[in-house]
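Visitor: Here is how the chains run, residue by residue.
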Amino acid sequence: MSDAAITHGDNPTGFAHQFEELDQQHDAGRLGMWLFLATEILFFGGLFTGYTVYRSLHPQAFLLGSHILEVKYGAINTAVLICSSFTMAMAIRSAQTGKRKGAIIGWLIPTMLLGATFLFLKFRFEWYHDYLEHTMPGFGFYYRPEWGAHAPQVQMFMCFYFFMTGLHALHMIVGIGILLVLTWMTSRGRFTSQYFAPLEISGLYWHFVDIIWIFLFPLLYLIRF
Amino acid sequence: MSTTATVENLPNASAEPQVNYLNARYGVKSWLLTVDHKRIGLLYLCTITVMFVVGGIAATMMRINLLEPQGALVEPETYNKLFSTHGLVMVFFFLVPSIPVTLGNFLIPMMIGARDVAFPRLNLLSWYIFATGCLIMLYVVCTGGVDTGWTFYTPFSTTYSTTDVVLAALSIFVAGFSSILTGVNFIVTIHKMRAPGMTWFRLPLFIWSMYASAIIFVLGTPVIAITLLLLGVERLLHVGIFDPALGGDPLLFQHLFWFYSHPAVYIMILPSMGVISELIAAFSRKRIFGYSFVAFSSLAIAIISFLVWGHHMFVSGESIYAGLVFSVLSFLVAIPSAVKVFNWTATLYKGSISYEAPMLYALGFLGLFTIGGLTGLYLASLSTDVHLSGTYFVVAHFHYIMVGAAVMAFMGGIHFWWPKITGHLYPDLWARIAAAIIFIGFNLTFFPQFVLGYLGMPRRYAMYPAEFQALNVLSTAGASVLAVGYIIPFIYLIWSLKYGPVAGPNPFGAKGLEWTTQSPPPTENYLKIPIVTEEAYNYETAPEPEVVRV
Amino acid sequence: MSSHSESAAHGHLMFHEHVVPVSTYLAVFITLLIATGLTTWIAFQDLGQWNLVVALAIAVCKASLVVLFFMHVKYNKGLSRIVLIAAVFWLGIMITFTLADELTRHWQINPQPWVGTIVPVVRHLLF
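Protein chains in written order, with our numbering: chain R, 11 to 235; chain G, 44 to 593; chain Z, 65 to 191.
All clues stand as given, with none of them false.
Result set (DSBU-like, lysine-lysine): computed pairs, CA atoms no more than 30 Å apart in a straight line: (1) Z:138 / R:109; (2) G:329 / G:571; (3) G:329 / G:393; (4) G:541 / G:72; (5) G:72 / G:571; (6) R:109 / Z:141; (7) Z:138 / R:111; (8) R:82 / R:132.
It is worth saying that the hints were derived from the structure and are not from the lab.
Isolated chain R (complex conformation):
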């Protein structure tokens, strides 16, 4: 049995020895990813809790802080991520409907490129700009006179901004790494219409990262009044 089990685990259909049925394996993978996403919700949730508390305590400072950020980059990046979610969904659908591997890769590569675009815009035009403007906490943050007594709390807002977007960017980088592996697996012909669980499960992760941004955008950029 144990020998059979080992060969089972490595066989190209991706069926692992500890399971009885492929359906069971697929369900287990999906449930595992959903549980992981639940932990992610609470992981970011700690930050959202802190954000909520401090925004309710220092509304004026959060208003001033939000004006440091440029709405246009936030909005463009939101659109970029939504596009990447769409291409990800299409990649999974191509696998599910048994399209050839070129079609799947044809959706995966734009997904990665859109993710990279997001990161490029974020780092080049926002973070680097903040660094030059001395609005990056811990790296020569400068209290502007127009903030008056609110300056320390503006710094706190920027700290939450960098913390939240930084963790989000880290998740994006991990996501792009996963997509690279998936592209490689697809090119090796590992996925069929019967077995595409890694694609589907990674897709859940990618969409989740998109959802986090959907909340970060209004909470960080869109405090206008």
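Start from chain R and add chains G and Z according to the hints.
Guide: Here is chains G and Z on its own, set in the frame of chain R:
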């Protein structure tokens, strides 16, 4: 579970020494690269034993220091590091993982009739992550320690402490990911890997309690991770997240910290309750009284545990209105806990009780858990907490739960399943003696602390007024008895590995799928996946299984 | 076990999953883009307290669309929904109870018997 399954899963008695998970492969590599849940459970057992020794040494030094009012052994600064090390190591590297990662890893697939957990490689990864966290913690301990207490309260930890807070927080952060992955793995395993016929209400209660604590792992641990990240950022950059001078709120840290750390207490106690359910049923030869009540009370405890964290903050400046709500909710935890104790007691009633070593631990658990639980009510009520908060009363209360209950159950569980894990029996007489010594030593150590706390001795001080000396000496004397009680099992369990008599598949005549396969089990647990046809703990209707004794 | 593996190879390896039409994906995609534009535009209209409410409402709608369609929760019943709801609910617990402390910490304590502690709560809720 049915007789047919028993026969199919046992090779011929006269055959050669059986192939099992321990002798299937040899060598360090076969252990470090294993994906077998049973071997991973043993890896964890070794790791947490090392951490238990480290935490125990710190505790011993503290107790020696408290022999004299002016401090008998160390400087006050060192004492601060000792109690911090003791707390951090014992909570995050022994108690939280203890039963889930050792017995849970070993038993969950066996009890539900599966070949392995749902994600075996993830399981191994969890161990590596946990071991990394342990190494970072040991590094911190060896290079000067940390003096914030296990709670890392701000602003002391972020601004004033001169010790290596960031690295200590990092070790907890890393170990937290191990908990998260283990929790995910367990929930998926229990949902998706059950054998045919193993319905939810045929599951052993140990599985229910592991499921409940896995929920806390999944929903609570990420919050401590992000909280410690914020702590690290605040300490490194001083941006004011928890600094009142810059508009931050130190109490926010306590909220986020206790959102995980209070449920973490239930991570420690829920698996113990599962173990106790198994032990009491097995050694009173009865089905657990009110099975579904015990099962659902585990879930109730897991859920309510997330609603009570504010009772740690009654005197730290929390709003009195929030305090009212948290106080009332804290009392609610008593209900499912009491349901369990009453049901265990009712199970004992008119059972044919035998007093093997695991049962002694279980009975000890019942008494100590009751004392620990009832003294918790004093701390949950707003007014008495003002007097008792921050005193030795609190220390005694949570040690009755975490050591009196959780460690007793851990020891009981290890003794109960030791023949299954290793295939060898330990000397029962020595085990009973050790159980008695631990019980006596524990009460000698911690009961005086209730009195000390009530009289007003604060916790976390290296020195104390002279009138408290008698009780402190009594406590230290008890601690040395307790230490002897822990050393004896360590010796005879190691001894039994080589010299213990062969256990056979079911030395205690217990019910449950894990007893139907050979000891130690084969790598795939069951030669044929069992089909479950009856409820758990079916002791009364089935004929008594043959019992092998020493 | 070999007999089992063979039966798995023949009998159990079939896997069926709901296929979402491309038109649905496209509709969701376009709705999400429009909602992004909408939330950006509305942020610049002064609605007082309601700016935050509207922004969060739109964000929740967008997230729901992603969860229901892109993440297939609409088609996969059962556990994934429960896990998602539980996580959001627990996040709600964390935020609510923390705010319950933060926002009531500076309320005046009425120096009267316990009824006195209830009065400001009721007053706060009603007026």
